[in-house]
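Between the sequences and the hints, there should be enough to build the whole structure, so can you do that?
Number of protein chains: 2
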Amino acid sequence: MNVHIVGTGLLGTSLGLGLSRHGYRVTLEDLSPTSAQLAADMGAGEVARPEDPDVVVIATPPDVVAQVIVDALRTWPNATITDVASVKTAILDAVKQHTRDRELDRYIGSHPMAGREKSGAIAARADLFMARPWVVCSDEDTPQERLEQVVTIAQAVGASVMHLDPLFHDSAVARVSHAPQVVASIMAAQLVDMPSEGVALAGQGLRDTTRIADSDPGLWTQILAGNAAEVATVLRDIRGDLDRVIDALDMRPGSLRTIAGSLAAGNDGRARIPGKHGLAPATYETVTVYVDDAPGTLSRLFTDIGDLGVNIEDIRIDHATGVKLGSVELSVVPAHVQVLIQGLRENGWRLPEQALDPKEEK
Amino acid sequence: MNVHIVGTGLLGTSLGLGLSRHGYRVTLEDLSPTSAQLAADMGAGEVARPEDPDVVVIATPPDVVAQVIVDALRTWPNATITDVASVKTAILDAVKQHTRDRELDRYIGSHPMAGREKSGAIAARADLFMARPWVVCSDEDTPQERLEQVVTIAQAVGASVMHLDPLFHDSAVARVSHAPQVVASIMAAQLVDMPSEGVALAGQGLRDTTRIADSDPGLWTQILAGNAAEVATVLRDIRGDLDRVIDALDMRPGSLRTIAGSLAAGNDGRARIPGKHGLAPATYETVTVYVDDAPGTLSRLFTDIGDLGVNIEDIRIDHATGVKLGSVELSVVPAHVQVLIQGLRENGWRLPEQALDPKEEK
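For the protein sequence lines, the chains are A and B, in the order given. Each residue of the first sequence is one higher than the one before, counting from 1 in the UniProt record's numbering. Each residue of the second sequence is one higher than the one before, counting from 1 in the UniProt record's numbering.
A few of these clues could be false.
It does not matter which identical chain is used: a pair holds within one copy or between any two.
Pairs of lysine to aspartate or glutamate residues, derived as DMTMM-like cross-links and limited to a Cα-Cα distance of at most 25 Å, are as follows [what the hints assert, rightly or not]:
(1) K118 x E329
(2) K118 x D52
(3) K96 x D307
(4) K118 x D63
(5) K96 x D237
(6) K118 x D208
Calculated directly from the structure, the hints in this document are not laboratory data.
Structure (structure tokens):
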């Protein structure tokens with residue numbers, strides 16, 4: 001299969017790298033000849049405009065994707081055209097306005113849920129899509145063989161394909177990704193004018209809730225603008241809940257119930273997020289170890305854990321303020337808790353001196 | 001120094017365990033005789049009401065702290081009284097209303113910034129306060145020797161003491177802790193009624209931003225109620241920013257600038273959060289490794305890292321949906337990047353096949 005990639009940024013170049021390594025013949029183009037040549041030098045494919053490619057992948061910035069799709073449908077009358085933008089409805093609508101029905105059958109929108117905080121060809125990775133969801137939007141008119149071409153490409157680079165309706169996709173990503181980005185950015189912005197002594201009280205909770213506020217404003221402005229209505233719907237829901245809590249903080253009769261209800265609803269929402277690998281959330285137990293900041297400490301810790309034969313499911317490092325000591329939380333299956341605790345203590349590691357919590361042994 | 005602890009929940013019992021291990025004579029009381037005895041059985045001290053303790057620590061639920069402080073000031077006319085509640089102004093005001101000036105000099109509010117998602121004596125740890133900030137609120141009337149008693153206790157259990165004004169404290173924790181808790185809970189609550197296929201698109205960003213929504217609604221309702229005015233101020237600031245973004249999502253002229261400005265302010269706020277150990281954020285480079293979910297994989301990885309002599313500053317595990325493969329991001333000082341990449345490759349680990357990013361080598 002010959003694949004032509006238009007746009008050699010992070011996603012386009014990563015896709016080129018991945019497909020080239022799996023034997024696909026990949027051609028590349030970009031408005032910036034430098035960027036296209038860089039991608040080619042990295043091994044993402046050959047800079048060329050092919051006569052008759054099987055599939056064309058549009059990986060330009062989101063705000064020009066629709067126009068580039070329309071152009072591609074005309075330029076290559078036999079090719080299947082797909083794109084990798086993170087919004088789907090607005091693009092489909094724009095493409096519909098400028099194409100005839102038969103042409104439209106050759107366009108299949110898709111969205112690999114992958115990215116990095118860095119951008120550009122230079123940040124590309126052949127394995128960027130490995131183990132990530134890749135949403136494909138088809139309908140009853142989509143020719144089966146064209147749909148299979150797009151699915152094959154996604155699977156070739158290791159992604160996990162999900163078939164979704166464009167409206168459903170846009171509404172879902174607004175809720176699980178776009179609105180959380182806005183809220184995290186707004187929450188982080190509240191720190192800008194704080195005295196340093198106040199910011200010094202920040203704990204791991206604030207670090208976690210604002211981590212994605214590090215994202216690129218330019219790219220995210222395009223994403224939010226492209227899914228504006230759906231994002232606004234979720235943000236209005238959030239504002240409604242926020243208004244109720246703000247009102248309740250006047251502490252009138254009934255206030256406590258409103259506040260507690262909001263917090264309990266948060267518990268319920270969290271319980272819906274799938275665990276590792278999309279399975280139902282698994283119950284792991286955590287074992288805490290205190291570590292100092294000396295070179296090699298974490299490496300020694302994990303060497304010892306390796307010797308114990310215990311599989312670590314997840315790791316969290318807690319950063320403390322003002323002291324050169326931290327703690328590491330290790331998630332393990334319940335059956336391994338005792339082996340791990342005893343083994344680490346025997347190796348001289350400092351663990352909390354708590355009595356064993358019966359709930360932690362169930 | 002004789003220390004009497006009123007309230008043997010997570011904080012009181014943890015403090016008793018820590019102080020007892022450092023040779024303090026600790027007595028305990030709790031409204032629940034079972035809870036007090038459990039704490040004593042765990043080694044937190046002796047269940048007793050002493051005649052003349054040096055320091056009394058009030059560690060009851062936040063909504064009764066003020067009354068218990070007032071009672072304690074009367075019961076023990078020579079003792080220094082402190083508390084560990086996470087709000088300080090409302091408690092100080094309530095205590096002031098019910099005590100004379102001279103009595104008030106014996107009360108010094110404090111707030112160890114430590115906790116767990118679990119609660120009760122059974123979840124206590126002698127090292128809970130290790131390397132955590134412990135805020136102490138004194139004023140010009142506070143007798144120096146009493147202040148030193150509270151500071152000594154905090155330092156005995158390994159905490160890092162910060163002297164702050166109660167109003168400043170409450171305003172700061174509202175911004176870095178209480179309001180983020182409300183916002184994270186509200187954000188997680190938006191998932192309650194979502195179809196499962198939509199929640200399946202959740203990535204690490206959503207997991208991070210909503211992690212603290214797992215917290216206990218009962219305890220947090222008391223905390224928010226006790227700092228209601230300050231929390232409402234921050235939530236109103238957040239609502240103002242949210243309103244601006246919602247309006248901008250109508251996509252009128254000027255909208256893009258508003259949206260981009262919000263995201264950029266988020267970048268600025270994040271940059272203010274101190275790094276590891278309260279230092280200025282350090283620049284580490286990240287090295288990504290792909291790992292499968294087989295038992296022992298992470299342990300083998302860290303054994304290999306240990307053999308390379310590379311110090312790992314931080315670790316992030318990325319969970320993928322639907323595929324039994326994940327990636328681990330290792331933060332290391334720039335000087336160790338090459339050693340780590342080369343050493344891991346030689347040991348057969350799969351790393352992204354990207355060209356080296358010149359920015360990552362600076």
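Exercise. Which hint numbers does the structure go against, in order from smallest to largest?
Worked result: When the structure is compared with the hints, numbers 2, 3, 5 turn out to be violated.
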